[in-house]
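Here the protein sequences come in this chain order: A and B. To convert, take the position in the first sequence, counting from 1, and add 2; that gives this note's numbering. To convert, take the position in the second sequence, counting from 1, and add 18; that gives this note's numbering.
By construction, these hints were calculated from the structure, which means they are not laboratory data. It is possible that some hints are incorrect.
Claimed, not checked - Capping the alpha-carbon separation at 20 Å, the derived lysine to any residue pairs in SDA-like fashion look like this: (1) A:Lys130 to B:Lys185; (2) B:Lys185 to B:Pro166; (3) B:Lys185 to A:Lys220; (4) A:Lys220 to A:Ala36; (5) B:Lys185 to A:Ala104; (6) A:Lys130 to A:Ala104; (7) B:Lys185 to A:Gly109.
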Amino acid sequence: MAAPAPPLIEVTDVGRTFADGTRALAGASLMVPAGAITALVGPSGCGKTTLLRMMGGLDAPTSGAVRFAGGARPRAAFAFQEPRLLPWRSVVSNVALPLELAGVPRGERRARAERILDRVQLAGAGRKLPGQLSGGMRMRASIARALVTEPELLLLDEPFGALDEITRQALDDLLLALWGEFGMTVVVVTHSIVEAAYLGRQVVVMAPAPGRVVGCIKPGFASRTPALRATPEFAASTASLLQMLAQSMVREKGAA
Amino acid sequence: MIARLLRAALPPAIVVIALVAAWDIAVRLMQPSEYLVPAPLAVARAFLEQRAELVPAALRTAGSAAAGFAIAAAAGVLAGSVLAASRFLMRGLYPLATLLQMVPLVAIAPILVIWCGYGPRTSVASAAIVSVFPVLAATLDGMRSTDPGLAELFGVCRASRLQRWWKLELPWALPSIVTGLRIAAGLSVIGAIVGEFVGAFAGDASPIGIIILSAMRENRTDLVFASVALAAAAGFALFGLVSLLGWALLRRWHASAG
């Protein structure tokens, strides 16, 4: 295995209390290595989405710090659980939206949007409206929109959570292929242990009430192909993730 | 497309024909004085005899209504957008706008005459005033219902306030705005005629409101009926035009929903 990449993001002892007194995060610490995929997994209310939003600048910690390599926030792009496409715009013009808002000239943004649509296997669907696409296709359009700005950091908030299992696995493989091609740092929030183990070079396990990091594993699979999901070593990783989650629950009950 | 239009137009056409037939039969049976209820044929005859005067009059009224409607559409969308952009302004101004809406148009019409003078300007102002509120309310409601997820997306992309308005809030509110515009189109003809009742003068360029008043004074109920029908037709035409425009604007919305 290669030497560990330097961290792009360093989360140190981060706490976040909302205005209504909810403690979304308390003392969460983790490193996000540059150019790798980090998965944040945990049950609802463990603060994983809040942490992701902080990495993208959509939220700020009430205590602790989120630091970036070089001091400046990297160019980040989000994809959310819902595709969030503008229903009146064609797919290609939806994908080009971030470039349009940044003032990129029309011809260039079209070309870039069509190139990335091709990469997510939506080359023929550019002129369609979002309502004419399937759920999986809409999600791919949403991923394409996030990638069109060629971000250094891709933040995914349960991106495939609303899709059926088969579509979801296909999109996980697509995401791995895109990551292999573009090499950006990816942080993906998921509540699926299988997805976390499959995607993550580093899997961070979180627990709720208050949200915190309870462990971290680094599955060292030689390759990630669909066949990996059936191997004993993959089963071992998901088992250790499950165990971490179960232990955090027990500890929680013991404390109460 | 044409077959669908015909199918849509057939039931109301049958109802209208049936109503006119019932009216004709009732007049023949009960024989009221021509002054109270003229027969349909008498109304048609009055229209044909006076058409050289009636049609230009209706066009003048429709012109005032359309001008008032255009002003109301622009002002309503603009004011609705401003109110939607600022919670403070909305809290401060929206109750006031609602209150103004409650003031009867007929009561303020004389004030309009004082400000705008006798002539079509009063009709235009009256039409604009009565149709601005539905547009404002529809714009405000539509924009305030903007999907928070999409608003967040625009935030992530660092969209400017103007980009957010033009590329997100305005298109998002469009179905609601079109509904407001259709209501306003119907109201604008009413507003124009109220304006004419108080602020227009009889003469070579009489609008339909003046024809109605003078026909009434001359006991020409048939002519009153013909004028009213024409005014209704003008309102219907304006409503139809706005509906057509709305349909064209919303095509992408419908395609996406389907």
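Structure-based check of each hint:
1. A:Lys130 to B:Lys185: Judged against 20 Å, a Cα distance of about 19 Å means the pair holds.
2. B:Lys185 to B:Pro166: Status holds; Cα separation ~14 Å.
3. B:Lys185 to A:Lys220: Cα-Cα ~43 Å, so violated.
4. A:Lys220 to A:Ala36: Answer holds: Lys220 of chain A to Ala36 of chain A is near 14 Å, not above 20 Å.
5. B:Lys185 to A:Ala104: 13 Å, holds
6. A:Lys130 to A:Ala104: Answer violated: Lys130 of chain A to Ala104 of chain A is near 23 Å, above 20 Å.
7. B:Lys185 to A:Gly109: 18 Å, holds
In the structure shown, a violation is registered for the earlier hints numbered 3 and 6, in ascending order.
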